[in-house]
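Q: Residues per chain, in single letters:
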Amino acid sequence: MKQHTVQTTTKKKRLSRAVSSIEPSGIRRFFDLAATMEDCISLGVGEPDFVTPWNVREASMASLEQGYTSYTSNAGMIELRTAISGYMFDRFGVGYDPEEEIIVTVGASEAIDLAIRATIDPGDEVLVATPAFVSYEPLVTMSGAVPVPVPTDASTDFKLTKERLEAAITERSRAIILSFPNNPTGAVMNDVELQAIAEVAEAHDLLVFSDEIYAELSYDTPHTAFSALNRMRDRTVLISGFSKAFAMTGWRLGYVCAPNDITQAMLKIHQYSLMCAPTPAQHGALEALRNGRETVEKMTNSYRARRNYIVHALNEAGLTCRFPGGSFYAFPSVEATGMDDETFAEQLLIEEKVAVVPGSVFGKGGEGHVRCSYATSMDALQTATARIEAFVQRHAQ
Amino acid sequence: MAVTKEKELELIRILEHHGRIETDVLAKMLDENEDDVKNCMKKLEDEKIILSYGAIIDWNKVTTEDHIAAMIDVKVTPQREVGFDEVAARIQRFPEVTALYLMSGTYDLSVMVEGQTMEGVARFVSNKLSTLDAVLSTTTHFRLKKYKHDGVIFNQEEKDRRMVVSP
Ligand SMILES: Cc1ncc(COP(=O)(O)O)c(C=O)c1O
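Protein chains in written order, with UniProt numbering: chain C, 1 to 397; chain P, 1 to 167.
Okay, chain C solo, but in the shape it has when bound (with noise of 0.2 Å):
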């Protein structure tokens, strides 16, 4: 691993404390490890293999040709804003009204950053439902509160339980982030399992900061909305983006629908900070909304027989290995070779060049697991998963 030491001539502190507290991305050193390596097969991605499909490329590119090259409003432009509010709709059943209650961002990324710096203060809890996305524990740190993991394990499906949550909430606590379909453990929960989850939320009054980029991409049941669960909207703030539906992770784009408080409070510091998101990927968005059913449904159709594979075949290697009802990720325990996470990622990397990302990155309970991505071609599946089996073998307690 590179080490960087930096010299610098100032007398006074030159980084924020909040900055200063918090580790680089797990992920970025596997990314620095597997970039060194020639032919080594990636499982380590956290992104469509598709390119973006045609006709929002192209509307993208019309929009240029006819000038469109200013800022939009700050929240976006209305008609995207309207066709966000039509599509939550129609898809998941809960209205968001597109004047007041929908942002633009840049990616749900941002959406993550502003949900909780509009709304939580330093020394607050929020609650982060492990293993989750890497970004929300150092997002609720650097705001200077406290995130506060509640893990998920393979007992309950990497699902999360009212007693798990209600094990965790203290005087303090003030939110808590969820997503269903999660990565890295590809875990949904269905209306039922959440609504358990509501209930502790209204007993404890917390907000919800429910990231449902996965929606589309849940295979055996349909996607449930948070806000859509009874009395939810009010506490809930829906996070979502084009990155992995459309295959559209490089346009930056994604959005926010929460009640008219939050998203206003939500709406100062994107002013500030942004401005507004990228004109010509507004434009392929709402090309994406309008016209791209089909082409996420054939999306999704491939993405169910990848994953079907992958768990069949991670099985018989010898890696028990759940069904993921959704997202792109298997995430196999590693136990029968007796490695932690950490060792059987680095080691499968080095031995058999396939690079997976240990499960720990994801924070607590993701132990003892590594996520496998199936976003990538059958061909490379099919190599991987011998090579792991081998790998396996010869590992093997």
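By construction, these hints were calculated from the structure, which means they are not laboratory data.
Backbone N, C-alpha and C define an ideal beta-carbon position, used for all residues, glycine too.
Check each hint, because a few of them may be wrong.
[Claimed, not checked] One side of the interface only, derived from the structure: several residues of chain C facing chain P at Cβ under 8 Å:
#1 I27
#2 F30
#3 N301
#4 H312
#5 A355
#6 Q382
With chain C fixed as given, assemble chain P with the ligand onto it according to the hints.
A: Quick look at chain P with the ligand alone, frame taken from chain C:
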């Protein structure tokens, strides 16, 4: 247990693009038992839903083989009772014909012909196709270059530009 209708459709979709996938891999992709998948494929073959397992070849890259293709617009006189079907049935049997469609518009049949030389194709048109009684006229267009065929774009570099590891 038989494969469900839904899975059957999924199987067809996969095979349409990846005809060579092994049945054990297919079974895993469909989350089905391998024997059931084999039976399902057999059934689809028997029902003539799956007609053949082909490869899409970029013949321009196979330098040892000369290859030429033409699309011929054909006007015909429809026959009493059977319409265009009878003349179509005669044309489709020629081995040179790789595809045949009934069209609306300025002509009736679109005939795709493939051969090794331009003379061969020309001979087919003049000796075989235009001598059929029902055929009134033919217009032959030779294909110069193939950009996209059956949903596959030719000469496209498929490179994974993503980082090896990402969030
Ligand atoms: C759960 C989750 N939320 C948000 C994001 C970031 O999405 P965006 O590209 O819209 O910023 C990711 C990306 O991996 C994710 O997995």
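Q: If a hint holds in the structure, say so; if it doesn't, say that too.
A: Structure-based check of all given hints:
With a cut of 8 Å, the hint placing C/I27 at the interface with chain P holds, because the nearest CB-to-CB distance is about 6 Å. At about 5 Å, the closest approach between the beta carbon of C/F30 and any beta carbon in chain P falls short of 8 Å, and the interface hint on this residue holds. At a threshold of 8 Å, the smallest CB-CB gap from C/N301 to chain P is about 7 Å, leaving the interface hint in force. A cut of 8 Å between beta carbons decides the hint on C/H312: the least distance to chain P is about 4 Å, and the hint holds.
The restraint placing C/A355 at the interface with chain P holds, with a minimum CB-CB distance near 5 Å, inside the 8 Å limit. Against a cut-off of 8 Å between C-beta atoms, the interface hint on C/Q382 holds, since the closest Cβ of chain P lies about 7 Å away.
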